[in-house]
Amino acid sequence: MDDRKQKSYRENSLEAVLQLICYIALPLISLIALTIGMSLLTTGGLNTDVNEAEGFLSVLLSFSLPMVLALAVLPVTVKVWGGKCSLNRLGFRPSTPWWNIVGCGAMTVGTVVLAVMLGNNPDVELSAWTVWSHFFFVAVAEECMLRGVVHDQLRNFTENKWVLCLLNGLIFAFVYHSNEDFLSNLLVRVPLGFILCFVRVKSDSLYPAITLHWLYNMAVTTI
Amino acid sequence: MKKFMNKSLIFLGAGVVVLLVELLILNSSLWQLNVLTYLLTVGIIPAIVLFVSLLLYGMTAKSSAKLTYVMAILLALVFSGIMLAYCSAVVTPELMDTILANSVTSENTQVSMTTATAGDNIQSILMYTAFAGLGAMVGNRIRRKKNPTPVATPRDEYDNE
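Residue numbers (the working numbering), protein chains in the order written: chain F, 1 to 223; chain L, 1 to 161.
The hints are simulated quantities; they were obtained by calculation from the structure and are not laboratory data.
Quick caveat: nothing in here was measured; it's all calculated off a predicted structure.
Keep in mind that a hint or two might mislead.
Said to hold, decoys possible - Listed next, the in silico SDA-like pairs over lysine to any residue satisfying Cα-Cα at most 20 Å (straight line):
id, chain 1, residue 1, chain 2, residue 2
1, L, 66, F, 15
2, F, 84, L, 141
3, F, 202, F, 162
4, L, 62, F, 15
5, L, 66, F, 19
6, L, 66, L, 146
7, L, 66, F, 18
8, L, 66, F, 156
9, L, 66, L, 77
10, L, 62, F, 12
11, L, 66, F, 12
12, L, 145, F, 15
13, F, 202, F, 90
14, F, 84, L, 138
15, F, 84, F, 13
16, L, 7, L, 147
17, F, 202, F, 152
18, L, 145, F, 12
19, L, 145, F, 83
20, L, 66, F, 14
21, L, 62, F, 14
22, L, 66, F, 17
23, L, 66, F, 20
24, L, 145, F, 82
25, L, 7, L, 60
As the list claims (entries may be wrong) - Pair ranges (Cβ atoms, derived):
id, chain 1, residue 1, chain 2, residue 2, range
26, L, 14, F, 88, 39 to 49 Å
27, F, 105, L, 122, 30 to 40 Å
28, F, 182, L, 14, 37 to 47 Å
Backbone N, C-alpha and C fix where the C-beta goes; we use that ideal spot for every residue, glycine too.
Given the sequences, and given the hints that come with them, work out the whole structure.
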């Protein structure tokens with residue numbers, strides 16, 4: 001590699017690191033801003049805790065909508081229009097193999113069963129179907145962000161699927177769930193992020209990872 | 001060294017000075033803040049100052065893009081360091097209680113906050129690095145558009161071989 005190429009490579013890799021940090025941090029900031037803004041608009045108060053929300057519409061407008069906008073719509077739009085990246089590359093495949101569809105269908109049925117079980121629990125403040133729909137939006141938002149945009153950005157550094165999955169799991173645990181304690185992040189969320197990324201890589205599609213994430217969230221809340 | 005010490009560094013120094021002045025002004029009105037103004041003054045304004053500093057630096061620096069990005073990361077770390085030191089020195093539990101009390105506008109409004117964890121510090125460093133990096137990248141693009149790099153002549157190509 002001659003000097004000019006080496007210099008350009010170093011500049012590009014540093015730019016790719018900064019782009020990765022932008023793709024990780026800026027959607028989080030917009031999520032905070034949108035959650036606060038929507039909470040003020042809909043309730044007149046400041047509520048950033050979903051357990052304190054009252055009713056389906058309040059959860060949808062103050063929590064689900066900001067999440068989808070900040071973590072899915074915004075980064076995917078920037079990546080596709082600004083980063084010249086195709087939706088296929090991000091995992092939004094128009095046609096998926098039959099085993100993907102069957103798997104996604106089975107996991108969706110699993111979430112419905114868990115929602116019915118949750119509905120029978122008198123200790124839960126929100127309605128089971130509010131939790132079910134909110135977790136669907138959470139799974140869509142986080143998967144689009146982490147297994148779509150961040151995963152694609154990480155592919156600038158390595159194509160090794162094990163390293164990709166490990167990095168993705170670390171970002172999922174220690175950046176996106178930074179308010180949780182270190183040990184639970186290390187023992188639960190790093191492996192979960194790793195598995196979700198592995199599913200994304202193996203199926204070459206976002207949909208199985210979305211349904212698996214949805215099923216996991218429902219299972220943790222119900223059981 | 002000459003390449004490193006150029007006039008554009010003034011913008012980075014000015015960014016730090018603006019941040020310190022903002023914190024000085026903030027000190028006098030800290031007890032009147034509510035949660036929103038606190039987030040604005042401690043989180044958003046420093047990030048915007050950082051973005052503008054790096055944008056101006058990126059637009060005017062004669063150094064390479066790589067050096068601009070290194071400076072962006074360094075200044076982001078300096079800003080995070082200043083903000084962490086400021087918050088740990090000034091923000092006390094009593095102050096947080098007052099800020100929360102100032103935020104409650106009616107009996108129906110509930111405001112709750114949790115203490116920062118190590119992960120929040122990671123997020124603040126990432127946030128500052130993102131704003132600094134974005135400023136540097138946009139600045140570099142503007143500079144490249146204004147002064148496009150000359151197309152390599154065949155002679156240059158031979159020189160590299």
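Here's how the hints hold up against the structure:
no. : hint                      : verdict
1   : L/66 - F/15               : 8 Å, holds
2   : F/84 - L/141              : 16 Å, holds
3   : F/202 - F/162             : 11 Å, holds
4   : L/62 - F/15               : 18 Å, holds
5   : L/66 - F/19               : 14 Å, holds
6   : L/66 - L/146              : 18 Å, holds
7   : L/66 - F/18               : 11 Å, holds
8   : L/66 - F/156              : 17 Å, holds
9   : L/66 - L/77               : 17 Å, holds
10  : L/62 - F/12               : 18 Å, holds
11  : L/66 - F/12               : 8 Å, holds
12  : L/145 - F/15              : 17 Å, holds
13  : F/202 - F/90              : 14 Å, holds
14  : F/84 - L/138              : 17 Å, holds
15  : F/84 - F/13               : 18 Å, holds
16  : L/7 - L/147               : 18 Å, holds
17  : F/202 - F/152             : 14 Å, holds
18  : L/145 - F/12              : 17 Å, holds
19  : L/145 - F/83              : 18 Å, holds
20  : L/66 - F/14               : 7 Å, holds
21  : L/62 - F/14               : 18 Å, holds
22  : L/66 - F/17               : 12 Å, holds
23  : L/66 - F/20               : 16 Å, holds
24  : L/145 - F/82              : 17 Å, holds
25  : L/7 - L/60                : 9 Å, holds
26  : L/14 - F/88: 39 to 49 Å   : 45 Å, holds
27  : F/105 - L/122: 30 to 40 Å : 38 Å, holds
28  : F/182 - L/14: 37 to 47 Å  : 38 Å, holds
The structure is consistent with each of the numbered hints, conforming to all of them.
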